[in-house]
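Trainee: Sequence:
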Amino acid sequence: MVSGSDSILRVGELAAELGTKKAMVVTDKGIVAAGHVAIALESLQKQNIETVVFDGAHENPTTKDVDAGMEIARSFEPDLLIGLGGGSSMDCAKGVNFVYSCGGQMQDYWGVGKATKPMLPMIAIPTTAGTGSEMQSFALISDAETHVKMACGDKKASCRIAILDPKLTVTQPEAVTALTGIDAISHAVETWVTKKRNPVSLLYSREAWKLLATNFSTVLQQPDNVEARAAMQLGAAWAGLAIENSMLGASHALANPLTATYDTAHGQAVGLMLPHVVRFNGEQFDPWYRELLLSTAGVDGMPDPASGARGLADFLTSLVETAKLATQLSGCGVEKEKLPQLAEGAAKQWTGTFNPRDVDQESLLSVYESAW
Numbered sequence: 083m084v085s086g087s088d089s090i091l092r093v094g095e096l097a098a099e100l101g102t103k104k105a106m107v108v109t110d111k112g113i114v115a116a117g118h119v120a121i122a123l124e125s126l127q128k129q130n131i132e133t134v135v136f137d138g139a140h141e142n143p144t145t146k147d148v149d150a151g152m153e154i155a156r157s158f159e160p161d162l163l164i165g166l167g168g169g170s171s172m173d174c175a176k177g178v179n180f181v182y183s184c185g186g187q188m189q190d191y192w193g194v195g196k197a198t199k200p201m202l203p204m205i206a207i208p209t210t211a212g213t214g215s216e217m218q219s220f221a222l223i224s225d226a227e228t229h230v231k232m233a234c235g236d237k238k239a240s241c242r243i244a245i246l247d248p249k250l251t252v253t254q255p256e257a258v259t260a261l262t263g264i265d266a267i268s269h270a271v272e273t274w275v276t277k278k279r280n281p282v283s284l285l286y287s288r289e290a291w292k293l294l295a296t297n298f299s300t301v302l303q304q305p306d307n308v309e310a311r312a313a314m315q316l317g318a319a320w321a322g323l324a325i326e327n328s329m330l331g332a333s334h335a336l337a338n339p340l341t342a343t344y345d346t347a348h349g350q351a352v353g354l355m356l357p358h359v360v361r362f363n364g365e366q367f368d369p370w371y372r373e374l375l376l377s378t379a380g381v382d383g384m385p386d387p388a389s390g391a392r393g394l395a396d397f398l399t400s401l402v403e404t405a406k407l408a409t410q411l412s413g414c415g416v417e418k419e420k421l422p423q424l425a426e427g428a429a430k431q432w433t434g435t436f437n438p439r440d441v442d443q444e445s446l447l448s449v450y451e452s453a454w
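277 is the number that the numbering used here gives to position 195 of the sequence shown; each next residue is one higher, with no gaps.
Derived by calculation from the structure, the hints in this document are not laboratory data.
Heads up, some of the hints might be wrong.
Said to hold, decoys possible - List of simulated lysine-lysine pairs, DSBU-like, C-alpha gap at most 30 Å:
(1) Lys277 with Lys249
(2) Lys406 with Lys292
(3) Lys238 with Lys196
(4) Lys238 with Lys104
(5) Lys249 with Lys111
(6) Lys196 with Lys128
(7) Lys249 with Lys196
(8) Lys146 with Lys420
(9) Lys238 with Lys111
(10) Lys249 with Lys128
(11) Lys430 with Lys196
(12) Lys278 with Lys249
To be verified - DEER-style ranges, computed between Cβ atoms:
(13) Val84 with Leu376: 28 to 36 Å
(14) Asp440 with Ser87: 29 to 37 Å
(15) Arg392 with Thr228: 15 to 23 Å
(16) Glu256 with Ser389: 24 to 32 Å
Because the structure is a prediction, the values reported are computed rather than measured.
Here a beta-carbon is modelled for each residue, glycine too, at the ideal position from N, C-alpha and C.
Please build the complete structure, drawing on both the sequences and the hints.
Mentor: This is the structure we're talking about:
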């Protein structure tokens with residue numbers, strides 16, 4: 083991990099250290115327009131590294147995005163991939179890497195440990211403080227036909243280098259800051275209580291929570307505050323490492339069908355569902371939530387640890403409101419009669435299996451109903 087303002091200027095130097103001759107940058111058109119790609123290309127060219135740009139990554143990347151990137155990769159034959167942008171760009175870069183390095187199609191890598199050959203080294207340069215994808219070995223790619231979001235994970239897909247330059251996050255629209263920030267916070271909260279929680283994951287979850295929960299409102303109110311931006315970016319990275327060590331829970335299981343069915347932005351979906359899941363889990367695991375709140379005890383505006391799951395859920399709802407996002411499913415256009423169908427989809431999500439309190443279609447439906 084390389085962090086600090088203007089650290090993107092080091093991408094050429096760092097790529098050269100990996101012996102790179104030809105680098106392919108995977109990004110989106112908005113990142114190109116913001117000027118970030120040009121900065122990276124100049125740094126790479128100073129090291130005499132031949133480059134090509136694929137700017138076709140979209141939000142919630144699909145197999146079509148990966149296929150389009152593959153066409154460029156096949157003709158260019160890179161020896162390094164650079165994911166520059168939000169989680170979508172980084173996930174798309176990983177997706178291209180799976181198929182380019184190992185053959186077949188993206189669906190072949192749905193699951194864990196499906197890579198059959200060594201993969202190209204990757205550098206991740208996040209321009210948001212959200213997914214923490216730069217620190218993870220998973221790519222989330224949706225099937226373009228079925229719209230199912232596939233989690234494709236393999237340790238070979240881990241990035242070699244993550245460059246955290248907070249200045250890159252200043253250019254993102256307010257809505258993106260809000261959505262990605264809520265997503266990162268959900269990662270800190272969910273990883274704290276999973277069935278796979280362990281001393282390493284708890285370390286990252288706690289540090290992520292301390293950075294994210296105390297700086298989120300600041301970056302919304304003071305978008306040019308680079309110090310707060312840096313804290314959010316580092317918090318998102320720590321939360322990504324927490325996911326790598328403990329996975330997620332029911333909030334993400336409930337959020338994914340909302341995105342697939344209603345095209346609800348992921349940050350909106352998970353932010354809306356998270357307080358309800360915290361209350362649901364709190365009926366059995368309230369002491370764990372109290373322990374998390376102890377790490378921010380005494381900080382202005384943070385919940386009293388004694389309030390436990392209830393206080394945490396109320397605080398999370400207030401953050402969603404501050405972010406100008408909906409706090410009820412009805413506000414997102416979700417029809418009540420569709421809730422059983424959504425619950426059926428949520429029950430099939432892998433992340434739900436790691437929730438500390440066992441969930442099934444019936445219990446997930448009850449959580450949806452509480453959020454409607």
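Trainee: Against the structure shown, which of the earlier numbered hints fail to hold, in ascending order?
Mentor: 1, 6, 7, 12, 14, 15
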